[in-house]
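**Q** Listed below are the residues making up each chain.
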Amino acid sequence: MSDDAAGRSFSKAEIAGQGERTFWGRLANWPLYRGFTAFLTASPRRQFVILAIFPLIWVLTQHLGPMLQMLRVSLTDAYPVAPGTEQHFTLQNYTRFFGDRIFWQPFFRTLIFAGVFTFCTLILTYPVAYFLARHVSRKNQVLMLLLLLIPFWVGEVVRTYAIMILLGNTGAVNMVLKWIGLIDRPIPFMYTSFSMGVGIVYLTALYMLLPLYSALEKLPKSYNEAAADLGAGAWTRFRRVTLPLTLEGISSGCTLVFLISTGFYATPVLLGGPSTTVFAETIAGFFHVAGDQWPTGAAFATIMFAAALVLTGIFQKLMNSLRKGDTK
Amino acid sequence: MNRGNRILLSCVYWAFVLYVFVPLVLMIMMGFKDSKFIGFPIRSWTLDWYAGVFANTEVLATFGYSVAIAVLSTLISVAVGTWIAVLLEGRKFFGRAALFGLTILPALVPGIISAIAFRIYARMLGIEPGMGAIIWAHAVHNVPFVVLVVSARLSTMPKSQIEAARDLGADPIVAFLRITLPYLVPAILGASIFCLLLSFDDFVRSFFLGGYKPTLPVLIFAKLKSGMSPEINAIATVALVLTAAIGLWAERFTRRMNKES
Amino acid sequence: MTKLILNRRNFIGTAAMSGAALASPVYLRRAHAAGGEVNIWTYNEFVPTAFKEQFEAETGIKVNVRLVDDQGKQFNLLAAEAPNPSVDIMTVAGHRFLQFIDSDLLTPLDTDRLKNWGAINPTFSESDWATINGHKWGAPILSGMEVLSYNTELVTPEEAETWDTLFSDKYKGQTAYVIQDMMSIVMLKMGYDGNMVAYMDDPAKAAEIVEEVKQYLIEKKPLVRKYYDGGAEVQQMFVNQDIALAQSWNGPAAALINDGFPLAMSIPKEGSYGFVYTFNIANNAPNLDNAYTFLDAILASPEIGASMTKASGFISTYKGASEYLSDIEKKSTSFPEEQLANLQFFRAEANDMKYKLIDPAVEAIKAS
Numbered sequence: 001m002s003d004d005a006a007g008r009s010f011s012k013a014e015i016a017g018q019g020e021r022t023f024w025g026r027l028a029n030w031p032l033y034r035g036f037t038a039f040l041t042a043s044p045r046r047q048f049v050i051l052a053i054f055p056l057i058w059v060l061t062q063h064l065g066p067m068l069q070m071l072r073v074s075l076t077d078a079y080p081v082a083p084g085t086e087q088h089f090t091l092q093n094y095t096r097f098f099g100d101r102i103f104w105q106p107f108f109r110t111l112i113f114a115g116v117f118t119f120c121t122l123i124l125t126y127p128v129a130y131f132l133a134r135h136v137s138r139k140n141q142v143l144m145l146l147l148l149l150i151p152f153w154v155g156e157v158v159r160t161y162a163i164m165i166l167l168g169n170t171g172a173v174n175m176v177l178k179w180i181g182l183i184d185r186p187i188p189f190m191y192t193s194f195s196m197g198v199g200i201v202y203l204t205a206l207y208m209l210l211p212l213y214s215a216l217e218k219l220p221k222s223y224n225e226a227a228a229d230l231g232a233g234a235w236t237r238f239r240r241v242t243l244p245l246t247l248e249g250i251s252s253g254c255t256l257v258f259l260i261s262t263g264f265y266a267t268p269v270l271l272g273g274p275s276t277t278v279f280a281e282t283i284a285g286f287f288h289v290a291g292d293q294w295p296t297g298a299a300f301a302t303i304m305f306a307a308a309l310v311l312t313g314i315f316q317k318l319m320n321s322l323r324k325g326d327t328k
Numbered sequence: 329m330n331r332g333n334r335i336l337l338s339c340v341y342w343a344f345v346l347y348v349f350v351p352l353v354l355m356i357m358m359g360f361k362d363s364k365f366i367g368f369p370i371r372s373w374t375l376d377w378y379a380g381v382f383a384n385t386e387v388l389a390t391f392g393y394s395v396a397i398a399v400l401s402t403l404i405s406v407a408v409g410t411w412i413a414v415l416l417e418g419r420k421f422f423g424r425a426a427l428f429g430l431t432i433l434p435a436l437v438p439g440i441i442s443a444i445a446f447r448i449y450a451r452m453l454g455i456e457p458g459m460g461a462i463i464w465a466h467a468v469h470n471v472p473f474v475v476l477v478v479s480a481r482l483s484t485m486p487k488s489q490i491e492a493a494r495d496l497g498a499d500p501i502v503a504f505l506r507i508t509l510p511y512l513v514p515a516i517l518g519a520s521i522f523c524l525l526l527s528f529d530d531f532v533r534s535f536f537l538g539g540y541k542p543t544l545p546v547l548i549f550a551k552l553k554s555g556m557s558p559e560i561n562a563i564a565t566v567a568l569v570l571t572a573a574i575g576l577w578a579e580r581f582t583r584r585m586n587k588e589s
Numbered sequence: 590m591t592k593l594i595l596n597r598r599n600f601i602g603t604a605a606m607s608g609a610a611l612a613s614p615v616y617l618r619r620a621h622a623a624g625g626e627v628n629i630w631t632y633n634e635f636v637p638t639a640f641k642e643q644f645e646a647e648t649g650i651k652v653n654v655r656l657v658d659d660q661g662k663q664f665n666l667l668a669a670e671a672p673n674p675s676v677d678i679m680t681v682a683g684h685r686f687l688q689f690i691d692s693d694l695l696t697p698l699d700t701d702r703l704k705n706w707g708a709i710n711p712t713f714s715e716s717d718w719a720t721i722n723g724h725k726w727g728a729p730i731l732s733g734m735e736v737l738s739y740n741t742e743l744v745t746p747e748e749a750e751t752w753d754t755l756f757s758d759k760y761k762g763q764t765a766y767v768i769q770d771m772m773s774i775v776m777l778k779m780g781y782d783g784n785m786v787a788y789m790d791d792p793a794k795a796a797e798i799v800e801e802v803k804q805y806l807i808e809k810k811p812l813v814r815k816y817y818d819g820g821a822e823v824q825q826m827f828v829n830q831d832i833a834l835a836q837s838w839n840g841p842a843a844a845l846i847n848d849g850f851p852l853a854m855s856i857p858k859e860g861s862y863g864f865v866y867t868f869n870i871a872n873n874a875p876n877l878d879n880a881y882t883f884l885d886a887i888l889a890s891p892e893i894g895a896s897m898t899k900a901s902g903f904i905s906t907y908k909g910a911s912e913y914l915s916d917i918e919k920k921s922t923s924f925p926e927e928q929l930a931n932l933q934f935f936r937a938e939a940n941d942m943k944y945k946l947i948d949p950a951v952e953a954i955k956a957s
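Protein sequence lines correspond, in order, to chains G, L and A. When we follow this note's numbering, the leftmost residue of the first sequence carries the number 1, and every step to the right adds one. When we follow this note's numbering, the leftmost residue of the second sequence carries the number 329, and every step to the right adds one. When we follow this note's numbering, the leftmost residue of the third sequence carries the number 590, and every step to the right adds one.
Hints listed in this document are in silico derivations from the structure and should not be mistaken for laboratory results. Among the hints, a few may not be true.
As the list claims (entries may be wrong) - DSS-like, lysine-lysine: derived pairs with alpha carbons at most 27 Å apart:
id : chain 1 : residue 1 : chain 2 : residue 2
1  : G       : K324      : L       : K487
2  : G       : K324      : G       : K221
3  : A       : K704      : A       : K725
4  : A       : K858      : A       : K919
5  : A       : K704      : A       : K641
6  : G       : K221      : G       : K139
7  : L       : K364      : A       : K919
8  : A       : K641      : L       : K364
9  : L       : K553      : A       : K704
10 : L       : K553      : A       : K651
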């Protein structure tokens, strides 16, 4: 996973392909291609339009389309429409959320859980990524990283049940503790915030690990050495050099993990306890019961989405200003 | 580097390895349990569950189906996601923030909502449920992850390189293909792993958009209905080994391709 | 005629898409082209493999089974496909009929077309819940009930005679239940009608009762280990000894008993509710005739009923099915007469009102 392009120097012929023999050279000199690129890049404006047109169409039809459908459903009083009845526009599904406190708790709990789990995942995986990127030889890095990826290929549900037989009263952990003689009676790990955390960090670690690793991996070792030469201690070096330069990785990892965490359903349902209901569970409830609950489910999903979007936006702004503050 | 630090960090790494592998080992072990339910204590062992997986062509076919869906949807997601990332990164234009918001939209929608939204939308577009519909839904859902990963890498790319290339007479397309793309390779590989994983593990979208042929998670959910049997563990283990084999082969294959070219 | 055109259109769409993707599902093409098929949504192993193969060989009708794992998802999927479903036969729990019927997703069952209708035990086929709006809506295949399951090494049969044990301090942190189901049971325990049919004309009374039950469950919340959803969860909790007793369906509990786990079930003296899984025909089913052929065939022999019981743990609705069960299977699917006397069926008539009250109550209990 090293980046050759970054460190390589290019000769003029190599880049522009003026050496006739290479593929690029032939391509660059091919009249049809020249005409094509000339057309595309006639002006920066045209270049931009051509670059932007496809993403715009994709995002509008593929990303926005399904959501607009959902939004439409959230503003109706019945969906799917029962035969012989009419569908009406209503804001009731939204007011229902704001009007009833019982929905607020799972809502804020989800946001808080997502934040806490994101933070835990960061704290847990940063040293792992750091170790991999800084203390392991290049050759072994990929191998050891791949080693960590293996367990993530087991489906969420199967892995969740594996965690149950790990943490259950007759589970592996309690068995070992008993065998050592530390406990007489099993410790009830399961169906608590703890078991839920164990399961969720499992799900999110990968999404944190990879961005962190790629940020740390491209950080030149010389920076740290230079800082050490100037007399900076290990902690100072980390705080003043490594951390600021890996903020980008931290930011994208945290964003990913936070977004994914707000949508978790199966793991909290299976590993959580009576008092750990998350909002996705509340939403799913509206789709599992009577048919006329779809609009409410859709409205609640929209609210969750808006909240997650706002929080992510604030977080990204914060990270950006942190980064800027450091380069000044 | 400080020796103490190094030892401490390696302990953390191996503790992490332990954490992620213990459930895995338990899962594989339970596939050998001679009972219809997983869990301790294990009174007797059997090979029947594993033998059953290979005897049952449905499971292997389902695995192949899931892999095909994962690979095809990943190809689409990576292509589209990289394109969007290139557009968004380092450019200022009207509506950039809105476009970014729209881009990450699919990642924000909870699974069940997104699945039903896709299902309704598919009907509106006239897409029949089945493999094509699943690939489509997975591809759309995974684009945001590609954009986030690729953007992160793109933002660290020294502008000077592209400028140098342009100064040397390369047109934007050649500059992109020869400078930007190679620089992005690690991010694209990482994003592909995300996408493959997300697709391979997805249940809700596959369920709502699938036809009569189940993907692996759909099959596992259906089997779970009659209990968490060691059979499911055996299926998951076999799937894991096969995926690892495909991964290794793909890695070898690309390495050989690179050497030849 | 319209149906034929529709099928043709479906066929072209599917074929084009499969052509684009590399691994095309062969059966889809064949099925749509020939019309000799029947499409079924059902739970894992509800259609025995041996029966399926025999049926296909004898009739030439291809059976396409799509496995579902949840009534709600099945409803959503069907609602999303309506009014032109891809399915002929679904597996609906009897007390959810009304939701499907109200949304126009089912077609009434013409029992005259099923010569084996009489093979079903009349307790199920002629029961009052089975007839809605003057029609029969499904063929009963398996019956289930809410039971008190308990680990026999930890709980005595005497303790299991009452639902109160589930809320006793003695088993603090060792119990689990499905909260929606428990609401109905607690109503029954308090002497009310858990189906709420009795309060259809008195919504204020209904709301009052739900409020009382809600307060009771909130008060007892510190005692419960887990509000669960699925059968596999409660099985795992028993195996891991995370719980000693639970409210559960008889099917998952029977499966544990058959596997040799020290578990037993009881229908407590305060009473409990039963439900029936039925095969239903979808409104506007694409292969209506084949659907009837299939239903008639699957009802043909008690042996088929017995093999469904073996796989699921639920009790077969077929006359004489238990003769094909082993001793332990018989034991795990039968209850003493005096306990069965406490059982009544879930009814759907008041569901609209009931769930409008219960769903927010469930949220409130979880949030408390």
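**Q** Next pair to validate is K553 (chain L) with K651 (chain A); report whether the Cα-Cα distance is within 27 Å.
**A** holds (25 Å)
**Q** Hey, K641 (chain A) versus K364 (chain L), does the alpha-carbon distance stay inside 27 Å?
**A** Given pair K641 (chain A), K364 (chain L) holds - Cα atoms ~23 Å apart, limit 27 Å.
**Q** Does the structure keep K704 (chain A) and K641 (chain A) at a Cα separation of 27 Å or less?
**A** holds (19 Å)
**Q** What's the verdict on K364 (chain L) and K919 (chain A), does the C-alpha distance respect the 27 Å limit or exceed it?
**A** Holds, because 18 Å separates the two Cα atoms, which is no more than 27 Å.
**Q** Has the given pair, K324 (chain G) with K487 (chain L), been kept, meaning a C-alpha gap of at most 27 Å?
**A** Holds, at about 17 Å.
**Q** Compare the distance between the alpha carbons of K324 (chain G) and K221 (chain G) with 27 Å, and conclude whether the hinted pair is satisfied.
**A** holds (22 Å)
**Q** Next pair to validate is K553 (chain L) with K704 (chain A); report whether the Cα-Cα distance is within 27 Å.
**A** violated (31 Å)
**Q** Given the hinted pair K221 (chain G) and K139 (chain G), is their alpha-carbon gap at most 27 Å?
**A** Holds. K221 (chain G) to K139 (chain G) sits at ~17 Å (cutoff 27 Å).
**Q** Taking 27 Å as the top limit, are the C-alpha atoms of K704 (chain A) and K725 (chain A) close enough?
**A** With a Cα-Cα distance of about 15 Å, the restraint between K704 (chain A) and K725 (chain A) holds, given a limit of 27 Å.
**Q** Need the status of pair K858 (chain A), K919 (chain A): alpha-carbon distance at most 27 Å?
**A** With Cα atoms ~22 Å apart, K858 (chain A) and K919 (chain A) stay inside 27 Å; holds.
In this structure, the one hint that does not hold is number 9.
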